[in-house]
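Assemble chain B onto chain A, guided by the hints.
If you read the protein sequences in the order shown, they are chains A and B.
According to my numbering, the first sequence is numbered sequentially starting from 1.
According to my numbering, the second sequence is numbered sequentially starting from 1.
Note that these hints are calculated values from the structure, not bench results.
Glycine included, C-beta positions come from ideal geometry on N, C-alpha and C.
Be aware that a few hints might be false.
If the Cβ cut is set under 8 Å, some of the chain B residues that face chain A in the computed set are [claimed, not checked]:
#1 R150
#2 A220
#3 R271
#4 P294
#5 Q300
Computed footprint of chain B on chain A, listed as stretches where at least three residues anywhere in the stretch have a Cβ under 8 Å from a Cβ of chain B [what the hints assert, rightly or not]:
#6 39-49
#7 124-132
Stretch by stretch, here's where chain B covers chain A in the computed footprint (C-beta under 8 Å, at least three residues) [what the hints assert, rightly or not]:
#8 98-104
#9 171-181
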Amino acid sequence: MRTHKILLLSGVCTFAIGIGAAFGESRNLGRPIAPADMAPWDIDIEPSGAGLPAGSGTSDQGAPIFADNCASCHGDGGRGATTTTSGAPAAPPVVSDMKRSGIDDTTLTIANFWPYAPPLFDYIRRAMPWTSPRSLTDDQVYALTAYILAENKLIDAKQVINAQTLPKVQMPNRNGFIIRFPGSTPHD
Amino acid sequence: MARFSGNTEAHTVEHVGANGLLHRRALLRHGAMFAGALGVGAGIKITGAAAEPLVEAPWSLAPGDPVPAYQLPSKFAKNVVRTLSNPDFEPRTSQSRTPHHLLDGTITPNGVFFTIVHDGVPEIDPGVHQLLIHGLVKQPLLFSLETLLRFPLTSRVAFLECGGNSAPLFSPEPVQADVQALHGLVSCAEWTGVKLSTLLEETGVDPRAKWFIAEGADAAHVMRSVPLAKALDDAMIALYQNGEPLMPGNGYPMRLLLPGYEGNMNIKYVRRIKLLPEPAMSYWESQVYTEPLPNGKAYQFYFVNEVKSFITQPSPGRPLQQPGVYEISGIAYSGTGKISRVQVSADGGASWAEAALQEPVLSKAFTRFRMPWRWNGGPAILQSRAWDEAGNAQPTRAQFVAERGELSSVPPLLAFKNHHFNAVVSWAIDSKGAVTHAYA
Numbered sequence: 001m002r003t004h005k006i007l008l009l010s011g012v013c014t015f016a017i018g019i020g021a022a023f024g025e026s027r028n029l030g031r032p033i034a035p036a037d038m039a040p041w042d043i044d045i046e047p048s049g050a051g052l053p054a055g056s057g058t059s060d061q062g063a064p065i066f067a068d069n070c071a072s073c074h075g076d077g078g079r080g081a082t083t084t085t086s087g088a089p090a091a092p093p094v095v096s097d098m099k100r101s102g103i104d105d106t107t108l109t110i111a112n113f114w115p116y117a118p119p120l121f122d123y124i125r126r127a128m129p130w131t132s133p134r135s136l137t138d139d140q141v142y143a144l145t146a147y148i149l150a151e152n153k154l155i156d157a158k159q160v161i162n163a164q165t166l167p168k169v170q171m172p173n174r175n176g177f178i179i180r181f182p183g184s185t186p187h188d
Numbered sequence: 001m002a003r004f005s006g007n008t009e010a011h012t013v014e015h016v017g018a019n020g021l022l023h024r025r026a027l028l029r030h031g032a033m034f035a036g037a038l039g040v041g042a043g044i045k046i047t048g049a050a051a052e053p054l055v056e057a058p059w060s061l062a063p064g065d066p067v068p069a070y071q072l073p074s075k076f077a078k079n080v081v082r083t084l085s086n087p088d089f090e091p092r093t094s095q096s097r098t099p100h101h102l103l104d105g106t107i108t109p110n111g112v113f114f115t116i117v118h119d120g121v122p123e124i125d126p127g128v129h130q131l132l133i134h135g136l137v138k139q140p141l142l143f144s145l146e147t148l149l150r151f152p153l154t155s156r157v158a159f160l161e162c163g164g165n166s167a168p169l170f171s172p173e174p175v176q177a178d179v180q181a182l183h184g185l186v187s188c189a190e191w192t193g194v195k196l197s198t199l200l201e202e203t204g205v206d207p208r209a210k211w212f213i214a215e216g217a218d219a220a221h222v223m224r225s226v227p228l229a230k231a232l233d234d235a236m237i238a239l240y241q242n243g244e245p246l247m248p249g250n251g252y253p254m255r256l257l258l259p260g261y262e263g264n265m266n267i268k269y270v271r272r273i274k275l276l277p278e279p280a281m282s283y284w285e286s287q288v289y290t291e292p293l294p295n296g297k298a299y300q301f302y303f304v305n306e307v308k309s310f311i312t313q314p315s316p317g318r319p320l321q322q323p324g325v326y327e328i329s330g331i332a333y334s335g336t337g338k339i340s341r342v343q344v345s346a347d348g349g350a351s352w353a354e355a356a357l358q359e360p361v362l363s364k365a366f367t368r369f370r371m372p373w374r375w376n377g378g379p380a381i382l383q384s385r386a387w388d389e390a391g392n393a394q395p396t397r398a399q400f401v402a403e404r405g406e407l408s409s410v411p412p413l414l415a416f417k418n419h420h421f422n423a424v425v426s427w428a429i430d431s432k433g434a435v436t437h438a439y440a
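Isolated chain A, as found in the complex (with noise of 0.2 Å):
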């Protein structure tokens, strides 16, 4: 990475020539970036736990920043309960005991249908508050994770949250699922 960085510093232009001779036909059209400065777009978690930032949350440190930031579309405790002026469910409830109920999509929870427990950190960070995502700290999002997997019973209330043990929460429904792709493409 210090070659990487001397390169960048010593001028993009230069090491745009240099990545063109390497690749023969390249048009040198993209800009290189070091992966430092593409961290603040570098957001995707993976299944395994890889991307997971530093930082930790429990449930109780979740429950208020849930209360302030997610009840309004959520409900209280993530149960779902408002709707909408029209009537419509504002929002799925993030918290629930509801069973699976035959082929109906809307009754699929994170309990009882999630297959991994990072991809919970993953979107509430990308996606939510919905009136102002990216707003909350990595440490806001672990609790709030804590709290959403806790109140579901799939970790001890006590349990911290972070890019060690977040990868390893067992979800029930792991082993629930057909893999339709490839089987059924043309890019077998």
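Only chain B this time, still in chain A's reference frame:
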């Protein structure tokens, strides 16, 4: 909609199916007869009262309006618009549906192209927007719109269909609604842009890469995982839609286009592509675009919008005015390739006849099918079924339900209780010409 009304002689046309399905040359033959009849001053009878003498209409007697910079449809076509699921912009997803029953041909105009946005339509400055390609590549690179326009651009026609299109048809009873409400979350356009494989030649690909994620710059930051094979096949960073810059609701200034794959994967406002060894299992693939099955399992990574067709005319909202000859017309498409064949039935599937496929028939694009039909004023059930070039057949409803199941009760019209419905659709016509949704 009647091209020919009334009592043209039944024996002059060839019947190719029960309950009035006519040979596809029937309309041409009638047209020739009609033209000939004009020439000799006699010929087939047209029913109805004799026409009034012609007069100049008001718009023929005064100058019209000035020409606008960007033209909009006639005020008389003001109902040819999308329907909105969230007109008050409550804090939730917003859908708009294409009025297929009021359109024809195979290209969906940009103004009525369906949209779904999960946190509003962003207003993106194309001079600021950038596309980052990184992860398991040899050199991460940033591309501006300006730099993308210096790559070789290609155009192709492709449909886009939401995985939840036609979801009301999982209902155990037919939901009464028009084509727009039932099937309006699919549209088709010509897209122009840079193939993703071209950009990956610039970054280089680490052989450990098997998937990539694509992520949008909108507030929802929608992210989906896609097999890398699709990137190396026909994936595109699309910049133009039917010849003009992408519409804001369809991804301006750039979107990922994955021909034949469910709409949500075609990430709009795409700002980041990252190559990975495994899928990321985002919210959209962990919960939303999964398909729970009757056996308690669920499909994951369904991806392909499979071979499908539906009749747009006649259809609910397009009743028949009087007995006589009509054209049955509809849309067929497959996420696997070209449509190879469409059949139409007027008796609820008891007999079938080949529909004409309008050229050009393009891979992963709308194909318009047409079939002349004489409605005798009695009950009829119209259906279409399609095949694609890979040999996949559109399933009957019974076949589809046997594999995928159906809901235990009638869902709300706008609910998405399952995804990827592609079975045969039935329109029932009563003796008054009213058209309703039926299961047959």
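Evaluation of the provided hints:
1. R150: 6 Å, holds
2. A220: Interface hint status for A220 (chain B): holds (5 Å vs cutoff 8 Å).
3. R271: Status holds, d = 7 Å.
4. P294: 6 Å, holds
5. Q300: 4 Å, holds
6. 39-49: With 8 residues closer than 8 Å to chain B, the region 39-49 of chain A meets the three-residue bar; holds.
7. 124-132: It holds, with 4 qualifying residues against the three required.
8. 98-104: Answer holds; 5 residues pass the 8 Å Cβ test.
9. 171-181: It holds: at least three residues are needed, and the region 171-181 of chain A offers 6 whose Cβ sits within less than 8 Å of chain B.
The structure agrees with every numbered hint stated previously.
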